[in-house]
Structure formats: C-alpha cells, structure tokens
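Using the hints, position chain P against chain Y.
Number of protein chains: 2
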Amino acid sequence: MRTLTFQRVTFTMGLPLLKRAIQDQVEKTRNFVSRSLVIGEVLSMADMATGVKCGIIYWLFGGAIRSLGGPAHVTQWLQPLQEQKYTGMFAMTERGHGSNVRVIQTEATFDFSAQEFVIDTPCKNAEKMYIGNAMYGNYAAVFAQLIINGRSQGPHCFIVPVRDENGSLYPGVTVVDMMHKEGLHGVDNGILRFDSVRIPRENLLDKFGSVGPDGQYHSPIKDKSARFNAMLAALTPSRLAVTFQAMGSMKLGLTIAIRYSHSRRQFGPKAREEVKIIEHQTQTLRLMPHLATALALTFASRYAGTLLDEDIFRGKELVDSRPLQALVAGLKAYSTWENVSCLQDCRECTGGMGYMMENQISGLKCDTDVFVTFEGDNVVMLQVVVRELLAQYTKQCEERPVSSLLRNWVESGSDRLRTSFLAFNMDTVGHLTFLLKAVHFRERILQRGLVARIYYKVMTEKEDFFSAWNSCLHHITCLSLAHIHRVTLEQFCLAVRNCPDQEDQDLLKQFCLLYGTKLVFQERAWYLEHKYLTPMTSMRIRRQPIKSFCIFGKKAWWYFVGGCNWNSVRQPQSTWK
Amino acid sequence: MRTLTFQRVTFTMGLPLLKRAIQDQVEKTRNFVSRSLVIGEVLSMADMATGVKCGIIYWLFGGAIRSLGGPAHVTQWLQPLQEQKYTGMFAMTERGHGSNVRVIQTEATFDFSAQEFVIDTPCKNAEKMYIGNAMYGNYAAVFAQLIINGRSQGPHCFIVPVRDENGSLYPGVTVVDMMHKEGLHGVDNGILRFDSVRIPRENLLDKFGSVGPDGQYHSPIKDKSARFNAMLAALTPSRLAVTFQAMGSMKLGLTIAIRYSHSRRQFGPKAREEVKIIEHQTQTLRLMPHLATALALTFASRYAGTLLDEDIFRGKELVDSRPLQALVAGLKAYSTWENVSCLQDCRECTGGMGYMMENQISGLKCDTDVFVTFEGDNVVMLQVVVRELLAQYTKQCEERPVSSLLRNWVESGSDRLRTSFLAFNMDTVGHLTFLLKAVHFRERILQRGLVARIYYKVMTEKEDFFSAWNSCLHHITCLSLAHIHRVTLEQFCLAVRNCPDQEDQDLLKQFCLLYGTKLVFQERAWYLEHKYLTPMTSMRIRRQPIKSFCIFGKKAWWYFVGGCNWNSVRQPQSTWK
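Same order as they appear, the protein sequences are chains Y and P. Numbering of the first sequence is given in UniProt numbering, commencing with residue 1 and proceeding in unit increments. Numbering of the second sequence is given in UniProt numbering, commencing with residue 1 and proceeding in unit increments.
Heads up, a few of these hints could be off.
Just so you know, same-sequence chains aren't split out, so a pair can sit in one copy or run between any two.
Said to hold, decoys possible - Here are the simulated BS3-like cross-link-like pairs (lysine-lysine), alpha carbons at most 25 Å apart as the crow flies:
hint : residue 1 : residue 2
1    : K276      : K124
2    : K462      : K270
3    : K85       : K28
4    : K222      : K270
5    : K437      : K509
6    : K316      : K395
Quick caveat, the hints were computed from the structure, so don't treat them as lab data.
Excised from the complex, chain Y in its bound form:
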C-alpha cells in the first residue's frame, strides 16, 4: 500500500499542474493558495493517502520553507521540489508534546566554532512522532529549541537532512516505523530521533529569528511567545488545506450514499413495489443536512482562502489577521467534525454495503478520522478561535475594560429586544434574515458572557488565568463553534445572493435555509433558555427541514448529486476560475 501510494505521489507531483503549483508557491503568485487548496480537495477525493502525502510535501514542508525561510531557502529547498529529486517531511509534534508545542524538547544548539547547529533528542519525550513521509523523505523541517550560550530562544524551524538520494539514513538520525493506523495505510508515519546531528548555520529558517556568524541572535519580534505565535500563524494555509480535504471527503461520501439511496428499494405500501430508501423520512433527514453543510463549508472555506491569498499577496504577516486566524482554526475543527458525522451517517444509510471497503465510505471514514486531531487537535483549535476573538475584543475595550463590559451588557440586552421580535413571528422563522440574526445573537451573547466570566474569575476571585480558562472550556467551545456557524451561514447567504443563474440560485437558497435551520434547530434549547425563541416558534423550526424536503423534490437532489456538478457551484467573490 505504501509503495503504491509512493508511486501515486511521484506521478501526481510530476503532473504539470502540480509543478506549476509549486512554482506559484515559490513566486507567491496571486491566489496561489486558493488554487492549491482546490487541487488538494480534488486529489483527496481520488485517493486520500496520496492527498495527505502531497499535502505534507507541498503545504507542511514547502509551506514551512516559504513562510519561515528567506529567498535563499526557497531557492535551495522549495523550488527543486518540482524536479522530485527529494521529498520532505514536517517534524513538529513530539511524544511529550502534541498540542502544547511551545514546550517541545528537541534542541538545536549553536556551535560557534563550527558555525553549525547540533540537533539533539535529549529524552524519549522529545522524539518526533507521527511524522508523515518518515520512511521515504530526504529532508525534514524540524522544530527545536534554538539554544545559544545555554539559553533557549524558543522553538525555531531547521532543515535537517534525514536520508541521501539512495534512501540511506545520515549518521545520527534514527527512524522508527509507527506501523498500523486506523486508516491512511499508504502514509508512512514514523518516529525521528537525532543524536548530535550537525547542520550548517544557514539551515535555520530565519524569517522570525536568525543567528549571525558572530553567534548573535536577532529577531524582529522580541517576545519569545509572540515570536512563536507568528511562526505558527505563518503555517495557517496548511491548516485550511485540511478543511478542503475534509470537504472533499464529505462530498464523495454524500455522492455515494445519496446515489445508493436513489437506487435501493426497501419496504413499501402493502402489495405495491417497495419504495426507494431516500423516500424514507429518516434517510432524507439524515443525509440532506450534511449536503447543506458541505455546501456551506465550500463557500466559507473558499472565502478563507481568498482572505489568505490577499494577505500573502500584500505581504501582511498572518499573525496580524486575527479574524482570519480564528476563522481558519475554527473551520479546521468544524469541517473535520462535520466530516466524521457526515461519513458516519453515509455509512449507516448504506447499510451493510457501507461497511464494505469496495464501496469507499468506510475507507474514507478511517482515512479522515485523524483529521480531528492532527494539524492541531480540534478542541485546541476551538481555543485558538476564542483566543483570537477575545484578543480582538480586548483591543476594542483596551482603555476602559470595566465600563466597556458594562456598556456591552446593556447593548446585549437591547440586541435581544431588537432581534427577537422576529422570533415571535411564526412566519419569519423560515427566513434567512431571521436565521442570520439568530446566529449573530448567539455569538454575541456567548462572547460577552465569556468575557464577563473570565473577568470575574481572574479579577474578582483572583483565580490564575489557566484555571479560569479551564473552568470555562465548555463555554469556550460553544462560542467558538457559534462564531464559525455565523461566518459560514453568512458566506452561504452571500453565495446565494451572488449566484448568477436563477435556477441554481433557487435551489441553493433552499439548501442555505436548511443549513441555517439546522444551526438554529440544534441550539434551540439555548435560544429558548435565552427567551429568543418561544416554545411555539421553536416547534415551528423543528418542522422546517421536513417542509423544505418537500420543496426540494427528488429532481433537485439529482440535479445536485446525480449531476455531480459541485464545480458549477460558483464562488461569487473569487477572482480566479
């Protein structure tokens, strides 16, 4: 399986389209991020392991060089990827630290006399773990504590040669095969250990921190923690790539499950032909909201790609785009969880067939299950979202925190009055305006509530920040998802509004309504608790999806899924085709 995947990766990376994508990354051609993301999505639909391995080389290894290195690094290690003389890997996670990577333990000690860094794995917990492409790759982008004169400047990224062109390991490097996983059998994950591996001073990717020939450390960012944040932020595109892969997986799973549901018949009226299983109410109710979510994610993630492209094109540091950081971290968590839940329903809705590997759904499930914890565990991602949201918020309230809080609470009260009259009007609950206001309201109330809770715990109760934050984690994850839901629904609505074809637009609107209804429906307890909904309107919302399905009709589903015209779903704001 790994050999086959290796061949597939070699073939794929040799395609003109992919070579061009690398060159685009080298040149930072306008919109190269969006282009590459879509290539990644399609590739993942063809074969997930190939998609993931190409992603390691292109986004993680290549992306690290582009975003953390200088022009010389790009010329030396990124550009030649087109010729496939070698491949790379990305070594950040350690046995001891997967989420809290700030305190990784691998060391890169500067040896002034030799003008070299010495890379070391000081203990078992410092072993690099789960490293993809570990059994084949030649170079690794290794994160290690940069140590000069016995003092750490925090984690930095170094290019470390692992194997020569013939595949022989360099002295001091040990690689252990991690063997069997739930899925992605074609991806070779391994453990890396370094024993006094010496690399030239120039192998430090030095955009955010460099060491001169004199052994002096220089960085444009003084604070160690802020510096590491800037490095992590620069890797954002690779996080968004996971969202595109998860979307590809959802679309493929849904296509298989919905097509099958249109061909399989089971049960029916007495003495009459059995009906197609898509006509069973539960089957439709299980599959259609996922289809709506896949569409919503399509627009939201393309939007995030466009923002990334703009920032990179304008040379803006990604760490300074707080809303974008929050969006990408949140989309990663949201899309990968939606994918797990979508594929589980696809698998169940196709019965025993869904359990057989030949029908692809179960293989997709196993392959993509890792998405929820890799490239940032989802629960950690949700905390990133809120950290960014609160940073934005704090910035706004910087000068008068307490009075601002109070003012905001008052606003929050009037918000409620301003929007909730819609919720008492039975006719409006099926409208996009109502749904948009509802998700907005939820995000605002949760945000203000969280600020107040943490403020109270830290300032009044004198709790340390970690424990205050930890005791609000459930609240934090709710807010985080509420934020992503709001942005996603907004982007879906924009896409509907800008859709140039009338028939497409009508259909898209139905799915957009279904998506918004799903969001409000699943949180209707919260809306009821906050008296944003009355029991009557809440019940009405419950009936919306079923009503919508009647409108869709069978023809509409076929139009979407049978025709497989995901590509004709237009991205209204994108400047590229």
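Chain P alone, transformed into the frame defined by chain Y:
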C-alpha cells in the same frame, strides 16, 4: 487474520466454559441466556472478531436450531457443536433484502416424491449476503420461502449442508468471498448461492410450520405474517447479544481512554508542571457521560437478559412478550449507537495515540461500527420498538379507540400538572425523582402524540398506513429512544437502590444522576417547548454535570476505572452470579 481468528474460535469453543454454555442451551438450563451473554461480552473485550464468530455459531446458528427446531434438530445439530466436528452459519440477509426480510426470495420447494426440499437462488437479489463464517462453516441455517404446490407459506428456516468435514463445498452451493471490510477482518463474510440443492424434509426447522410426509403444511399460527414475527421473536437473544458486545467495547475503550487521560499531561498554569489532561474540563465532559451510559446499559441489558431467561424457562413464546421485544430491539439500537459515539470520543480524547492500531481504540471502532446496521438496522429496530409499544397501547384501548384516545389526552394534560411543579423548583432538578418523572413524561407525551397523528392521518385523511407511518418516522425514532431511556434510567435507579455496599452505592448514585441529567439535558429543548422546564431550570440542568464532576473527584474515577471492577457492579435483581 482469518486463520488466526479461526484458531482462536476453535480454542475458545473448546473451553469447558463454552462447552457447558452449549449444553446449557441444549437443556435450556435456567438463566442460560444471561450466562452466555456475559461470556460473549468478555470474549468481545478480548477479541471482537472471535466474539462475533462465536456469536454466529452459538447465538445465530445454535439459537435458530433451539428456538425454531424440535428436539431432534437440537440433538442432531446443536448438541454436537460441543465436539466442534463442524460449525454453522446463519443465512437470512439477501442482496435485495436486508431489512425487509419478510420478502426474501430464496426458495425451498417441496418435492413430494423425493420427500426433499429443493433450495434455490432464483436471481441475483436472492443471493445470501454478508454471511459470517461463510468461508469455513459446514452447515447453514437458511431462510427461504417454503413453497408447496407452487404456493409460498412465507419464510422458514432450513439446515443446508454447505461443506463436508474436509471443507469441500457440496454440489450446487457456491460461496463467494466478500473480502475487505472496515473492520472484523478475522470474520469471513461471504455470498451464498444455491442451485437445486436438495435437503431431506427433516431439515426444516419446524416449530412454527411443518410439512408432513403427505405434503401437507401445518402451523400453529395461521397468519403468514404473524408466523414470521413469531420466528423473528424467537431469535431475540441473539439481538441482545449484540448489546452485550457493544457494552464490552465501550468499557474497554473507556478504560483505555480514561487511564491515558490520567497519565498524559499537556498545558498548565504558567511556570508550573503541566496538568493531567483529565483535568481539562472538556476531556471530563466528553468521557464521563459515556462511563455513566455504559453503567446504565449494564443494568438495563442484564435486566432484559433476566426477563428473557424467565420467559424461556417458563416456555413462553417470546412473540407474546411485547414489552420485552420492544426493550431488546431498542437496547440493540441504543447501545450500538452509544458505542459508536463513545469510541469516537475515546479516540479523539487520546489524540494521535488513539489513531494507532496498537492502542486498540481505533480497531474497536472499526470492528464495532457494523453493529449499528447488522442484526437489524438501528432505524428499523426503533420502528420495531414503536410497533410493539403501539400494539400494547392498542390492546389497552381496543374496545373504545376514540374515547380512549380522548381520555388519554386529558390524562396527559394532568400528568403535566402533576409532575412539572418539580421542574419549577430549582432544588429538585438534580434529584433522581425529578429525572425519572421527566423521562416518563416525555415517553408518554410522545406516545400519545404519535397515536393521535397516525390515527388522524389514517382515519381522517385516509392516507395508506405505510405513508402515514413514513411521515412520522422522526417522531417514531424519538419515541423509541425515549422509551429505552426511561427503562434504562429506571433500571439504573433500581441498581442504586439495591446496591449492598454503602461506598459503592454513593458512587453509583452519582453516575446515575449524571446519566439521568444527560438524558434530560440532551432533550431540554423538547422539555422547554412542552413547558415542562422553565428557562431557569433548564440552565440549571446544564450546570449539573459540571457540578457532579467536582463531587466525583479523581479518586472515584480511579476506583471505577483503575480498579477495573466492572464485575463488582452488582446486578441487584439477578438470581445468578
């Protein structure tokens, strides 16, 4: 993998405990069902594929003979399983019909002159599919339409020889390997085709329908449909066996995930040691409710086992125990879905480690995923539950359906008044009494609502029953789960009350409260809509789990999981140890 599993099955079935279990089934020894269920649970924790294959031989093949055959069949085919001279399989599902097995197409045509049945697969859709043990088994319990003089008497079960002792297929039998699945790689699933396979008249398992030497058909049940229901009901124990396997899987997954969460550290207060991940609020909130559910399922499924044992011991036909049928069908669906959701959280809560096969959770996930659709698709199971509940209901209201309905509606109104005052009292929402009343209330209201809806659709709107039922499917699944939730919580409460050890009892009560709170919490929107909860009490329920966790403390978790003393959790009503 299959060879290894085959060896494991041979070893296991050769153990004195298992031989004894077969003998107990032969003799219908008191409580043999409960004993065997627990053996199955433990076996599944050791190796799921072995557990499933043993289950096929013991419950499906063996159980079909015991419950559908006569004493001669038991002596000829069930008893000798102890010597392992041959093994069996169970062939009900066909390519065309997995859920709607009533209309399977395999034919068993009686040949009067030869006094034989001729087994035939008339078309592709009639192929027996997903048959476990198909690549090794010697005999198959095959369901086929019994045809005499060109007329079908409905599906009956026949013992068909598939291979001889050397493993060579008999003439007319074709077996196709179904190859790769998501999991259970040790289980050999295959497709069976029969081409004029002749078997003696005596190979019909004839408890519910026999053919005399004169070619006359006799059955104690005149109605074809009722007859098939009786046969399916007789197979109930094998359905409950799936629940025990799912529970075993949950307990193993939780043990691994909770132990890991107590040893892994990540993040922490500034400049202090990182904290154990179990201390992260989200980790606890994700894992503990599953632990409570696993306990609840333990008591409820043991209760169902006890009822089954009593009925079988008293010689009662299982089809006449409507509440038991509903309970077992519902437990199968509920436990297997809870298992999927539990293992997904276990996998995610253990990060990358959870994705590695060596740590068992992902293997368990893949192995048990099929539980939600095999032995009766879960959505179909939920419909069985409601069919039984409505049959009970109709029986009660038989004489005056309309006035009964009306009377019940009035009762339902007063119910609300009678119970909901508890819900307005903030202090009571954390009490078992309140939680029990709440789940009772939900079940009753949903049941009455459904009866009224179907009655209206069929009687007033003149819809055909199938389409009326189909348009209520969502309602039906809700009622079905509400019923199982109620019974499960009741059994948990009984277990708490009867627990003989004070310390055990206190701890068990906390988990029981957590379980009940989870049930009401997840449906709090519904309770709010029905004004059973006020927004204030609903918010209070939201805070209960977090409050409970503080009470549990670390010591309690260790006591439960570290000590692995699942066995010391006593079954209060069981008469066996």
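Checked hints:
1. K276 <-> K124: between (56 Å within a copy, 19 Å between copies)
2. K462 <-> K270: For K462 and K270, the Cα distance is within 25 Å only across copies (15 Å; inside one copy 70 Å).
3. K85 <-> K28: Within one copy only: 22 Å inside, 71 Å across.
4. K222 <-> K270: between (77 Å within a copy, 19 Å between copies)
5. K437 <-> K509: Within one copy only: 17 Å inside a chain, 42 Å across chains, cut-off 25 Å.
6. K316 <-> K395: Classified as within; 19 Å inside a copy, 73 Å across copies.
Violated hints for the displayed structure: none, as all numbered hints are satisfied.
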